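Enquirer: Make the full structure from the sequences, and use the hints.
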Amino acid sequence: YASPSHPYTRGLLRAIPRVDQVGSELLSIPGSPPNMTRAPKGCPFEPRCDIRLPECKTRLDPLTEFAPQRKRACNVPLKDMP
Numbered sequence: 777y778a779s780p781s782h783p784y785t786r787g788l789l790r791a792i793p794r795v796d797q798v799g800s801e802l803l804s805i806p807g808s809p810p811n812m813t814r815a816p817k818g819c820p821f822e823p824r825c826d827i828r829l830p831e832c833k834t835r836l837d838p839l840t841e842f843a844p845q846r847k848r849a850c851n852v853p854l855k856d857m858p
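In terms of this note's numbering, the sequence shown opens at residue 777 and continues consecutively.
Simulated from the structure, these hints should not be mistaken for laboratory data.
These figures come from a predicted structure and were not determined experimentally.
No residue lacks a Cβ here, since even glycine has one placed at the ideal position from N, Cα and C.
Only true hints are included.
The list that follows gives simulated cross-link-like pairs (lysine-lysine, DSSO-like), each with its CA atoms no further than 27 Å apart:
(1) K817 with K855
(2) K855 with K833
(3) K847 with K833
(4) K833 with K817
(5) K847 with K817
Quick list of the computed label-pair ranges, beta carbon to beta carbon:
(6) K847 with A815: 16 to 26 Å
(7) P830 with P780: 18 to 28 Å
(8) P816 with T785: 16 to 26 Å
(9) S808 with S781: 20 to 30 Å
(10) K833 with V795: 31 to 41 Å
(11) R794 with R835: 32 to 42 Å
Expert: Spelled out as structure tokens, the structure:
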């Protein structure tokens, strides 16, 4: 959880209320969750992703292992993750 490798996962984790930070701003992800019964051609999280690439609309990289027991399916290179 300390270093999410997918932008949408990062957004979800930032949206969790923190009990250890009283008065901290609650972040949200704009839009609605994807309809997984009618998944799009590209990344289902593209409309809500803050660092999406143009190709995310039409293509989704396959699930690949990038570290021991860590996998991701994302067009955004790891080096470009904030």
